[in-house]
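Taken in sequence, the protein lines are chains P and G.
Just so you know, we're using my numbering here: the first sequence kicks off at 1 and counts up by one.
Just so you know, we're using my numbering here: the second sequence kicks off at 1001 and counts up by one.
Some hints here could point you the wrong way.
[Unchecked claim] Listed below are the simulated PhoX-like cross-link pairs for lysine-lysine, each with C-alpha atoms no more than 25 Å apart in a straight line:
id: 1; chain 1: G; residue 1: Lys1107; chain 2: G; residue 2: Lys1069
id: 2; chain 1: G; residue 1: Lys1335; chain 2: G; residue 2: Lys1321
id: 3; chain 1: P; residue 1: Lys128; chain 2: G; residue 2: Lys1321
id: 4; chain 1: G; residue 1: Lys1300; chain 2: G; residue 2: Lys1321
id: 5; chain 1: G; residue 1: Lys1335; chain 2: P; residue 2: Lys128
id: 6; chain 1: G; residue 1: Lys1138; chain 2: G; residue 2: Lys1107
[Unchecked claim] Anything over 12 Å on all C-beta distances counts as not near chain P; from chain G, calculated:
id: 7; residue: Asp1036
id: 8; residue: Glu1053
id: 9; residue: Val1094
id: 10; residue: Ser1112
id: 11; residue: Ala1117
id: 12; residue: Ile1124
id: 13; residue: Glu1126
id: 14; residue: Thr1154
id: 15; residue: Arg1177
id: 16; residue: His1267
id: 17; residue: Glu1303
id: 18; residue: Lys1335
id: 19; residue: Gly1395
id: 20; residue: Arg1411
Hint data in this document are derived by calculation from the structure and do not stem from the laboratory.
Here the structure is a predicted model, which means the values were calculated and not measured.
Heads up, the beta-carbon is just placed ideally off N, CA and C, and yes, glycines get one too.
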Amino acid sequence: MSIVKTVSPAPPQEAEASPIRLGMIVSARFSVSGFARQWAHCHLLANYLGRYVSANEGDPERHATMLSTFVNELLEIVYRNHAGDGQIELTFRKKNGRVLLQATVPISESQRMFYRMAVQLVGQPDLKTWYRARLEDPAEGEDTMLGLLELVAVYGCNVAMTENAGESRVTLSLHLPEFDDMGEV
Amino acid sequence: MSNSVVPSSSSGGAPSSGVPPSYMPMALNMRLTGEDEQEVTLTGTLRPFVAEEMAQVRTSLEQAAKTAKGTLCVNLKRLKYMNNVAFLELNRFVRWVARTRPDLRIKFILSSVIPWAIRKFQVIAELYPAVSIEVYDKAFYPVQPVIEDDEFITVLRTQEKLIWAHEQEILPQHGLRPGLRVADICCGLGDFAILLQRDFRPEYLVGVDHSKPLLRYARQVVSDFGLENIEYQYGDAAALLLADNSFDFVSCRLSLQVFPEPDRIVHELVRITRPGGRVYITNEMLSSVVGYPQQEAIRKGYERFLEVCRHGGVDLDMGPKAREVLANGGLEDVKISQINVTNTNSDAHDLARVVELWIRVAWQFGAAAGANPEMHKDIETGLRAHIDTILSDRGYAVWPIIAASGRKPFRTT
């Protein structure tokens, strides 16, 4: 893969010392331009990082397959909604048995609106009914968002967004559901 | 700073210029499976960039739906990855069928091994009355409830101990040596994997089984003993998620005999073996069980026992067929060994416990097969006579197992 990236396992000493790194499993940083060069990067990164994060799980293969499904969906959304340059950073942490994926993405103002709308949608009550209704009667242009909504409505993920005033980037947090020892949610 | 100009997944037309090609290593198969069922199979990865990349899949599905009668099966049991773009396109296809062929039923065939699949398609099944889901591997493992029984598990361990004492000596003849990448398919309790790790030091070892209780037990043992380089995976032996040509030595012990379609499993064993690597199988040969005295009653008992098991799709006399099975799988240089567990070369009480278990298995299979009381009586009499022989100071009893291996050719024709 030609993208520029750094993948570094968390040093245990640092994890102990720094609360911000608590539970960190791995982080990856890569350029927008490299990432956006190939759609396949979503798939490859999702599988690679999914496998890395799953290494110590009871059933690493199934855990990685499930994780790849979640990570890929998020990466596909990022692929379609990012600024023309800058860096994307992915961080995987594990806390209380659940994996947290944070993706920091450079964005334009219109993309900021997209992410705000997506997060607002997933926060609505009875999301599953809404999601099912959209499958029965889809609205134009909603497909991309439905991928994110499915993660919440069907698989029980949580999605949140953090943005700082004046910064042209956003951090998406995907709290994955708890997996059992067979890699199932 | 320029913004990206990436189209959304549902936008019309092909990806715009500058957008690189998609990633969909997917195989599509259509086959007629009878008057009332047609099947379309999708395997591999479906992660398209835009819906238009699913055109071939949609065309095939629609073509099948136009001519199908009764039920159209969409077989996804070996589709490992699917993104939302592909899923929405399948959902559109279902809507199209509901509109244009309201008389047609659609059945999504899924595997419990693919962890995301059932929840995902359950939503579609709930939305459309004509859509159903079949988790195919629930039916493919008919003996699973029997082997997950606590008492059975205890005896499985005894059985493993009895066989290993002899098997470890023949494994090098079948190509096993330290440093190999090994897969143990239908690994059960994982004892074989642990013994291999101890005595043959593989570079990497994965055990695959379709029983969650057995895998949990296996993992606990690995964890308790702090063993490394052993990985266990919940999987379907007939549709493994392991990559092609990725192992030097692939074993499947005392398992082909309990599956109604062993050829399907052999195909998978061969697929994951690298060219030059070996597939190793063991199966019992209960028609040749030896027991003296009371040989006649013992033979009759085992004949009846085999008959009852065959009703349940289990062939406990598969051992002698090993050469044919491996040759049919395209393997060469087939080697055969016979493992004779006897009451003089093994712990007689352990061997008796194994036979005792078979009596229980016979009752379970017999009940399922509707065996008559006379048959049950013959089995019980014969196998009890075998136990007497095993435990007798003057008796001689043999439990024969055939071990066989074949090499995957470097070139297949």
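Do the hints match the structure? See the list:
1. With a CA separation close to 13 Å, the supplied pair G:Lys1107 and G:Lys1069 stays within the 25 Å bound.
2. Taking the CA atoms of G:Lys1335 and G:Lys1321, the gap is near 13 Å; set against the 25 Å cutoff, the hint holds.
3. Distance check on the hinted pair: P:Lys128 and G:Lys1321 sit about 53 Å apart at the alpha-carbon level, beyond 25 Å; violated.
4. Taken as a hint, the G:Lys1300 and G:Lys1321 pair is honoured in the structure, with Cα atoms around 21 Å apart against an allowance of 25 Å.
5. In summary, the hint linking G:Lys1335 to P:Lys128 is not supported, as the alpha carbons are separated by about 57 Å, beyond the 25 Å threshold.
6. For the hint pairing G:Lys1138 with G:Lys1107, the CA-to-CA distance comes to about 15 Å; that is within 25 Å, so the pair holds.
7. Non-interface call for G:Asp1036 relative to chain P: holds, since the shortest CB-CB distance, roughly 28 Å, exceeds 12 Å.
8. Residue placement check: G:Glu1053 does not keep its beta carbon more than 12 Å from all beta carbons of chain P (closest about 10 Å).
9. Against chain P, the non-interface label of G:Val1094 is violated: not every CB pair exceeds 12 Å, the least being about 9 Å.
10. At the 12 Å boundary, the C-beta of G:Ser1112 falls inside the reach of chain P, the nearest C-beta of that chain being 9 Å off.
11. A beta-carbon of chain P is positioned within 12 Å of the beta-carbon of G:Ala1117; the least distance is around 10 Å.
12. Remark: the non-interface label on G:Ile1124 conflicts with the geometry, its nearest Cβ contact in chain P lying 7 Å away (cut-off 12 Å).
13. Here G:Glu1126 does not stay apart from chain P, with its beta-carbon only about 7 Å from theirs, under the 12 Å limit.
14. Listed as outside the interface, G:Thr1154 is consistent with that label: its C-beta sits roughly 22 Å from the nearest C-beta of chain P, beyond the 12 Å cut-off.
15. At roughly 26 Å from the closest C-beta of chain P, the C-beta of G:Arg1177 stays outside 12 Å, upholding its exclusion from the interface.
16. G:His1267, annotated as away from the interface, keeps every beta carbon of chain P farther than 12 Å; the closest lies near 20 Å.
17. The non-interface label for G:Glu1303 is consistent with chain P: the shortest C-beta to C-beta separation is roughly 40 Å, beyond 12 Å.
18. Every CB of chain P lies more than 12 Å from the CB of G:Lys1335, the least distance being 30 Å, so the non-interface label holds.
19. No beta-carbon of chain P is positioned within 12 Å of the beta-carbon of G:Gly1395; the least distance is around 45 Å.
20. Consistency note on G:Arg1411: stated as away from chain P, and its beta-carbon is indeed over 12 Å from all of that chain's, at 30 Å minimum.
The structure fails hints 3, 5, 8, 9, 10, 11, 12 and 13 (numbered hints given earlier, in ascending order).
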